[in-house]
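Q: Can you build the whole structure from these sequences, using the hints too?
Numbering-wise (numbering that gives the first Met the number 0), the sequence shown opens with residue 0 and increments by one.
In case anyone wonders, no lab produced these hints; they're calculated from the structure. Bear in mind that the values here come from a model prediction, so they are computed numbers and not experimental data. For each residue, glycine too, the CB sits at the ideal point set by N, CA and C. Mixed in with the good hints there might be a few duds.
Once the Cα atoms are required to be at most 16 Å apart in a straight line, the calculated EDC-like pairs of lysine to aspartate or glutamate come out as [claimed, not checked]: (1) Lys23 with Asp103; (2) Lys142 with Asp34; (3) Lys142 with Asp52; (4) Lys23 with Asp141; (5) Lys62 with Asp52; (6) Lys23 with Asp101; (7) Lys142 with Glu37; (8) Lys142 with Asp42.
Ranges of calculated distance between the beta carbons of each label pair, as one might list FRET restraints [to be verified]: (9) Ile86 with Val47: 17 to 27 Å; (10) Thr79 with Gly104: 36 to 46 Å; (11) Asp52 with Asp125: 14 to 24 Å; (12) Val21 with Ile64: 17 to 27 Å; (13) Ala55 with Asp121: 32 to 42 Å; (14) Val47 with Gly89: 37 to 47 Å.
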Amino acid sequence: MKKLIAAALIGCLSSPLLAENVIKASTLSVSETIDGLESAVSDAGATVFARVDHAAGAESVGKSIPDATLLIFGNPALGTLAMEDDIRAGLMLPLRVLTYADADGNTQMTWTPAEDLMAGLDIAPDAEVIARINGALGALTDKAMSAN
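A: Structural data, given as structure tokens:
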């Protein structure tokens, strides 16, 4: 039983859910920031798969949360590189960036860095594809704030 509990704890500790997410402040509103990110993704030739308005979802069930929108997007030219190394990368792709209003009303963007997202797969943390995904996320989120 102790071995089972230890294995479960190790699995949880390597989970992307417990990863140290990147957080980047935006001087724009949540809506303006997510619009800018969507535009930056499209301009880069990537595909926007979904835009999820979590606050609207909460409102639809009579609840209230701060403004929060998730953008789900990807570029097969980049994602395929990860999946060639380990097909299970498809569980982590496409990429996701959450834009939200924090407790002080400031807009933040957050995402899981690629090395944490792909942890536990047969992709080295220092693999070129990891650096390219992180570079793309950094550049796209930077552009999101300057797109408006």
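Q: Confirm or reject each hint.
A: Consistency of the hints with the structure:
For the given pair, Lys23 sits about 15 Å from Asp103 by alpha-carbon distance, which is consistent with the 16 Å threshold. Among the hinted pairs, Lys142 with Asp34 is consistent with the structure: their alpha-carbon atoms are about 11 Å apart, no more than 16 Å. Straight-line distance between C-alpha atoms of Lys142 and Asp52 comes to about 21 Å, which puts the hinted pair past the 16 Å bound. Using a Cα cut-off of 16 Å, the hinted pair Lys23 and Asp141 holds, with the two alpha carbons roughly 9 Å apart.
Between the alpha carbons of Lys62 and Asp52 the distance comes to roughly 13 Å, so the proposed pair stays at or under 16 Å and holds. This hinted pair checks out: Lys23 and Asp101 have alpha carbons roughly 12 Å apart, not beyond 16 Å. For the suggested pair Lys142 and Glu37, the alpha carbons sit about 10 Å apart, so the restraint of at most 16 Å is met. Of the pairs offered as hints, the one joining Lys142 and Asp42 holds, with about 10 Å between alpha carbons and a cut-off of 16 Å not exceeded.
Between Ile86 and Val47 the Cβ separation comes to about 24 Å, which falls inside the hinted range of 17 to 27 Å. With their beta carbons about 40 Å apart, Thr79 and Gly104 fall inside the hinted range of 36 to 46 Å. Range check, Asp52 to Asp125: about 36 Å between beta-carbon atoms, so the 14 to 24 Å window is missed. A C-beta distance of roughly 21 Å is found between Val21 and Ile64, which places it inside the suggested range of 17 to 27 Å.
Between Ala55 and Asp121 the CB atoms are about 39 Å apart, so this pair conforms to the stated range of 32 to 42 Å. For Val47 paired with Gly89, a C-beta distance near 18 Å fails the hint of 37 to 47 Å.
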